Amino acid sequence: MSEQKQTGESEPKRRGVGRPAGSAKSAGGHSQSLVRGLSILEGLAAAPEGLALSEVAEGVELAPSTAHRLLQALHHQGFITQDVESGLWKIDVKTFRIGNSFLEARDFVATARPFLRQLTAATGETANLGIRDNGMVVYLAQSESRQMMRMITRLGSRAPLHASGVGKALLAWMPPEEFERIMSGRHLESETPNTLTDLDRLREQLVAVREQGYAIDREEHAIGLNCVAATLHDESGLPLAAISVSGPVARIDDARLPELAETVAATAREITARIGGKLPSQPPR
Numbered sequence: 003m004s005e006q007k008q009t010g011e012s013e014p015k016r017r018g019v020g021r022p023a024g025s026a027k028s029a030g031g032h033s034q035s036l037v038r039g040l041s042i043l044e045g046l047a048a049a050p051e052g053l054a055l056s057e058v059a060e061g062v063e064l065a066p067s068t069a070h071r072l073l074q075a076l077h078h079q080g081f082i083t084q085d086v087e088s089g090l091w092k093i094d095v096k097t098f099r100i101g102n103s104f105l106e107a108r109d110f111v112a113t114a115r116p117f118l119r120q121l122t123a124a125t126g127e128t129a130n131l132g133i134r135d136n137g138m139v140v141y142l143a144q145s146e147s148r149q150m151m152r153m154i155t156r157l158g159s160r161a162p163l164h165a166s167g168v169g170k171a172l173l174a175w176m177p178p179e180e181f182e183r184i185m186s187g188r189h190l191e192s193e194t195p196n197t198l199t200d201l202d203r204l205r206e207q208l209v210a211v212r213e214q215g216y217a218i219d220r221e222e223h224a225i226g227l228n229c230v231a232a233t234l235h236d237e238s239g240l241p242l243a244a245i246s247v248s249g250p251v252a253r254i255d256d257a258r259l260p261e262l263a264e265t266v267a268a269t270a271r272e273i274t275a276r277i278g279g280k281l282p283s284q285p286p287r
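Every number in the working numbering is 2 more than the matching position in the sequence shown, counting from 1.
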């Protein structure tokens, strides 16, 4: 039902620029008040100079009395503020912090890029950054080796979590309930004869990853390719992304792995600190 003025007369419907596609009527099981409150925030975010009550009400197609009630609720929670002199409603610092956290979370890719270049310069190998997308790794950034024989991954390409160094670095610090949700019931497909396809064995290897601070992919994703990876942690100590150094077995052999692992792990710690992350003090629970 449409909102009504206190006189009981229906207010004419209007389509405002601040109203998102689909009305609160189509919100299904979502709370109408929540949807309308978020619509108000969207409208105010698009008007940094502020909006009057009448403009807010028009933008979300609500009676002024209803719009005012929602504005008061948002104000009470610190999401918006009202200019004392003009009476205009504006976004407040709490909304800014929430929006800014999104930007900071996404900015880790830009922050990590110079570190990837440093890794390539120090090791001569290709450095990568990837994140988790359900049961897969998605590669978002890369610094390519100049060696004739080198590992090249197309940005946006995917690899299984269980069959990649980046994937295992992410799995190792994942909360157990999230790990079980993603991995249990999933068939761990074999990418090469070296791929871990047994979930219990994978769990055992992830314990070692946490203890040593890095993950190793020994030709588990591609024959002839070895990889060392380490985790980037967010402000809660949870896995945000992972970086890796990858190259042919002829150059990244067992004798060289410890040296590369130390370099990659140290770089991951430095990036974590730079993005405001926190190294976990204990395994995830």
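No lab work stands behind these hints, which were simulated from the structure alone. Bear in mind that the values here come from a model prediction, so they are computed numbers and not experimental data. One or more hints might be untrue.
Unchecked claim - SDA-like, lysine to any residue: derived pairs with alpha carbons at most 20 angstroms apart: (1) 280 / 117; (2) 92 / 137; (3) 92 / 79; (4) 92 / 55; (5) 280 / 47; (6) 280 / 215; (7) 96 / 237; (8) 92 / 49.
Unchecked claim - Label-pair restraints from in silico Cβ distances: (9) 182 / 146: 46 to 54 angstroms; (10) 151 / 196: 13 to 21 angstroms; (11) 182 / 213: 44 to 52 angstroms; (12) 98 / 195: 47 to 55 angstroms; (13) 126 / 207: 25 to 33 angstroms; (14) 205 / 225: 19 to 27 angstroms; (15) 256 / 209: 15 to 23 angstroms.
Think of the CB as a built atom: it goes at the ideal place given N, C-alpha and C, for glycine as much as any other residue.
Each hint tested on the structure:
no.: 1; hint: 280 / 117; in the structure: holds (18 angstroms)
no.: 2; hint: 92 / 137; in the structure: violated (41 angstroms)
no.: 3; hint: 92 / 79; in the structure: holds (14 angstroms)
no.: 4; hint: 92 / 55; in the structure: holds (11 angstroms)
no.: 5; hint: 280 / 47; in the structure: violated (31 angstroms)
no.: 6; hint: 280 / 215; in the structure: holds (14 angstroms)
no.: 7; hint: 96 / 237; in the structure: holds (18 angstroms)
no.: 8; hint: 92 / 49; in the structure: holds (8 angstroms)
no.: 9; hint: 182 / 146: 46 to 54 angstroms; in the structure: violated (36 angstroms)
no.: 10; hint: 151 / 196: 13 to 21 angstroms; in the structure: holds (19 angstroms)
no.: 11; hint: 182 / 213: 44 to 52 angstroms; in the structure: violated (21 angstroms)
no.: 12; hint: 98 / 195: 47 to 55 angstroms; in the structure: holds (53 angstroms)
no.: 13; hint: 126 / 207: 25 to 33 angstroms; in the structure: holds (27 angstroms)
no.: 14; hint: 205 / 225: 19 to 27 angstroms; in the structure: holds (25 angstroms)
no.: 15; hint: 256 / 209: 15 to 23 angstroms; in the structure: holds (21 angstroms)
When the structure is compared with the earlier hints, violations turn up for hints 2, 5, 9 and 11 and for no others.
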